[in-house]
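*Asks:* The residues making up each chain are set out below.
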Amino acid sequence: MDFDPVLLARLQFAFTISFHIIFPSFTIGLSAYIATLGAMWLGTGTERYHQLMRFWTKIFAVSFAMGVVSGIVLSYQFGTNWSRFSLIVGNVVGPLIGYEVLTAFFLEATFLGVLLFGFNKVPPWLYVLSAAVVAAGTAMSAFWILSANSWMQTPAGYEMKDGIAFPTDWLAVIFNPSFPYRFAHMLNAAYLTTGFVVLAVGARYLIAGKHIEEGRTMLRMALGLMAILAPLQLFIGDQHGLNTLKHQPIKVAAMEAHWDGSKPGDFEIFAWPDEKAGVNRFAISIPHGSSLILTHSWDGLFPGLASVPASERPPVKNVFFAFRIMLAIGSFMIAAALFGAFLWWRGTLFDTRWYLRVMAQCWWIGFVAVIAGWMVSESGRQPWIVEGVLRTADAISPVPGATIAVSLTLFVFAYGVVFSFGIYYINRLIAQGPQGPLAEETGHFGSSPITAAHDAGRRAVQKS
Amino acid sequence: MEWYLPVIWAALIGTAVAMYVILDGFDLGIGILFPFARNEGERDQMMRSVAPFWDGNETWLVLGGGGLWVAFPRAYAVVMPALYLPVIVMLLALVFRGVAFEFRTVSHSKTWLNVAFTTGSTLAAFAQGVILGSLIDGIPVRDGAYAGGPLHWATPFALLCGLALVAGYALLGATWLTMKTEGPVAARSRAQAKTLLLVVLTFMAAVSLWTPLAHPRIAERWFSLPNFYFLWPVPAVTALVAFLLWRWLAKGREVPPFLAVIALFLLGYLGLVISNFPYLVPPSLTVWQTAAAPASQIFMLLGTVALLPLILGYTAFIYWLFRGKVREGESYH
Numbered sequence: 001m002d003f004d005p006v007l008l009a010r011l012q013f014a015f016t017i018s019f020h021i022i023f024p025s026f027t028i029g030l031s032a033y034i035a036t037l038g039a040m041w042l043g044t045g046t047e048r049y050h051q052l053m054r055f056w057t058k059i060f061a062v063s064f065a066m067g068v069v070s071g072i073v074l075s076y077q078f079g080t081n082w083s084r085f086s087l088i089v090g091n092v093v094g095p096l097i098g099y100e101v102l103t104a105f106f107l108e109a110t111f112l113g114v115l116l117f118g119f120n121k122v123p124p125w126l127y128v129l130s131a132a133v134v135a136a137g138t139a140m141s142a143f144w145i146l147s148a149n150s151w152m153q154t155p156a157g158y159e160m161k162d163g164i165a166f167p168t169d170w171l172a173v174i175f176n177p178s179f180p181y182r183f184a185h186m187l188n189a190a191y192l193t194t195g196f197v198v199l200a201v202g203a204r205y206l207i208a209g210k211h212i213e214e215g216r217t218m219l220r221m222a223l224g225l226m227a228i229l230a231p232l233q234l235f236i237g238d239q240h241g242l243n244t245l246k247h248q249p250i251k252v253a254a255m256e257a258h259w260d261g262s263k264p265g266d267f268e269i270f271a272w273p274d275e276k277a278g279v280n281r282f283a284i285s286i287p288h289g290s291s292l293i294l295t296h297s298w299d300g301l302f303p304g305l306a307s308v309p310a311s312e313r314p315p316v317k318n319v320f321f322a323f324r325i326m327l328a329i330g331s332f333m334i335a336a337a338l339f340g341a342f343l344w345w346r347g348t349l350f351d352t353r354w355y356l357r358v359m360a361q362c363w364w365i366g367f368v369a370v371i372a373g374w375m376v377s378e379s380g381r382q383p384w385i386v387e388g389v390l391r392t393a394d395a396i397s398p399v400p401g402a403t404i405a406v407s408l409t410l411f412v413f414a415y416g417v418v419f420s421f422g423i424y425y426i427n428r429l430i431a432q433g434p435q436g437p438l439a440e441e442t443g444h445f446g447s448s449p450i451t452a453a454h455d456a457g458r459r460a461v462q463k464s
Numbered sequence: 465m466e467w468y469l470p471v472i473w474a475a476l477i478g479t480a481v482a483m484y485v486i487l488d489g490f491d492l493g494i495g496i497l498f499p500f501a502r503n504e505g506e507r508d509q510m511m512r513s514v515a516p517f518w519d520g521n522e523t524w525l526v527l528g529g530g531g532l533w534v535a536f537p538r539a540y541a542v543v544m545p546a547l548y549l550p551v552i553v554m555l556l557a558l559v560f561r562g563v564a565f566e567f568r569t570v571s572h573s574k575t576w577l578n579v580a581f582t583t584g585s586t587l588a589a590f591a592q593g594v595i596l597g598s599l600i601d602g603i604p605v606r607d608g609a610y611a612g613g614p615l616h617w618a619t620p621f622a623l624l625c626g627l628a629l630v631a632g633y634a635l636l637g638a639t640w641l642t643m644k645t646e647g648p649v650a651a652r653s654r655a656q657a658k659t660l661l662l663v664v665l666t667f668m669a670a671v672s673l674w675t676p677l678a679h680p681r682i683a684e685r686w687f688s689l690p691n692f693y694f695l696w697p698v699p700a701v702t703a704l705v706a707f708l709l710w711r712w713l714a715k716g717r718e719v720p721p722f723l724a725v726i727a728l729f730l731l732g733y734l735g736l737v738i739s740n741f742p743y744l745v746p747p748s749l750t751v752w753q754t755a756a757a758p759a760s761q762i763f764m765l766l767g768t769v770a771l772l773p774l775i776l777g778y779t780a781f782i783y784w785l786f787r788g789k790v791r792e793g794e795s796y797h
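Chains as they are written, first to last, in my numbering: chain A, 1 to 464; chain B, 465 to 797.
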């Protein structure tokens, strides 16, 4: 059999990074939420906030472990599958990743230890501070990773010598043209993703009629945040899109499936882009919609896919459909958050069962939106791995396709097992729900949050 | 600048790798020793002794791998494709053991998670030994790229190093348990440490004989004059440390054996550095040939100098916070 090493290496990266990004999108937001709960607990002395903090920390621990182990894989994959990428742009991208490890990873891992096991060993302020440090660490990690990725989209502050990129201006490298937009967009996406998980869990408790007070607190906090962040994401996304139009116009053309740049662009609500013929089939469109969004004028022009040869275009279908999935979920999020806020204002939020039922099922939508968004960004950059600097096909390792096929199979199998178990355990923790006051009552806290939850559950059963 | 910058970086990455080997070494070792525990209570106790630390310990591996890429991209781009399969196996093994660690406490049926934890730990240790061994055995390079096949790493020496590291990590784990636990677990780990010490010394002797015999450059490094006058203390001190370690174990001391095993690891590591410096990818690429642009090395060095003391500081803090022994069937509080 013949294996195409480029395709396999791309598949492997797409698979491992899609798996990985699920966890940071959740843990970035969740750590901030946990730190907020901690601050509210310290500020008000309300025990409920403390219990919620402990509850979400258990879920954080399981997610964080999966994030860590899947992240280690990625940092080595640059070498195993993409050694020429590592070599050619390593001088520039390498230090950004290095700074991530130095500024974020150790911080997160160490203070998570305090957060998980240190409750009875440190004063409350240090305990809550550890939560804040973990949250800052996850955001810092996102800062560097988004900087590295943005440099691959809009490289700046470097020069090429003998086919190798050398840094000339580090500030220009770090704060490259697309970085501020991408960072804001992703960070906000992470908070939104977590917000919908918290909302879903709260709704689930209210429907089931258990942990009512905790569920209400979750609902209020999540909705209060999302009624602001969801509409804000639309604005950030729009700015990000305009920035992309300036630097990577062909990516935008693929997002809109816009072929002919000499005509204004329609916004395709649905279409089947025919990449061979260079037209859209079965299109349902809003005339001049894309021109309005992108150029803010009815007859505004922007480059079309036909302006470059087919070999220079990204895979249009991937980008086009992923963009639509992201947009659909984003619009749904805005509607759900604003409607929820409206119900809250009317005072009927906790009694509107159909709304709670729908929200209880929506825990996953943020994750899908994040993965779809990244697919737009990464597929849309093709055929380049570093826009205008290095082609994806020229970036891979001198490794036979069969070797990559073997490792890809192993990854799919391993991640499949790990992911199923992870979802199962997180679901179980959620089903158990926040426990009554445990540590204070018994002065005992298990070696891991999960054991602690278990022990507390067992005690509760014995008492009744 | 051009000359010493790569040397500083080699020293820094060497430190990160040493930190990793020692810190993750003992918690991988606990996974290797897991099947010898009598019941779940003992296994809980063993796991609790490392629970607050393992995330941080594993991060040193990211720093080692990431650091190699940042500071020596030309070495990274050769070593990773050359050691493709052992690296992937190591990563997957770490994935399984890491999640088994977190999942084990939620699950009702622990058997499979115990198996995953032990297999993952053992396989990760073995793969790391193989990586080390095949690196010492040499990697064929042509035009700055890896020029061997997918199984070039599978040499008898590499497999020997794989077994040696499994035994070494188990020894580290056993002395950690001697120090951090009480009751039957502590007693058994002391007995295990004695056996493992003999096994590890045998492996160390085998590697020390094999490398100079197989590689003339290593023989010349150690046995030519005047090098020999400066280098003979390395094996002599190793023998002394091994002797003290045995005595301390026999006397039932708790903390010194763990420190002695760390010393043993560092001495072995020093021996390998002496054998191979300045090659980063033996037998052809040196630290200077593979270094990143000075601008990149300096940029990263500034961050490292500022942040590494901080990292070491809070790492020390967490070990201090969770000091003391984990008793049988009990946990931290």
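Mixed in with the good hints there might be a few duds.
To be verified - Using C-beta positions, here's what the derived DEER-type ranges look like:
# : chain 1 : residue 1 : chain 2 : residue 2 : range
1 : B       : L662      : A       : A172      : 57 to 65 Å
2 : A       : V417      : B       : G612      : 40 to 48 Å
3 : A       : D394      : B       : G788      : 39 to 47 Å
4 : B       : E466      : A       : G163      : 17 to 25 Å
5 : B       : G612      : A       : F3        : 13 to 21 Å
Stated by the list, open to error - Computed list of chain A residues with no C-beta within reach of chain B, every gap over 12 Å:
# : residue
6 : A104
7 : I228
8 : Y425
If you are wondering where the hints come from, they were derived from the structure by calculation, not from laboratory data. Please read all numbers here as calculations on a predicted model, not as lab measurements. The beta-carbon is built from N, C-alpha and C at its ideal position, and this holds for glycine as well.
*Asks:* Checked against the structure, which of the hints given earlier come out wrong?
*Replies:* Structure breaks hints 2, 3, 6 and 8.
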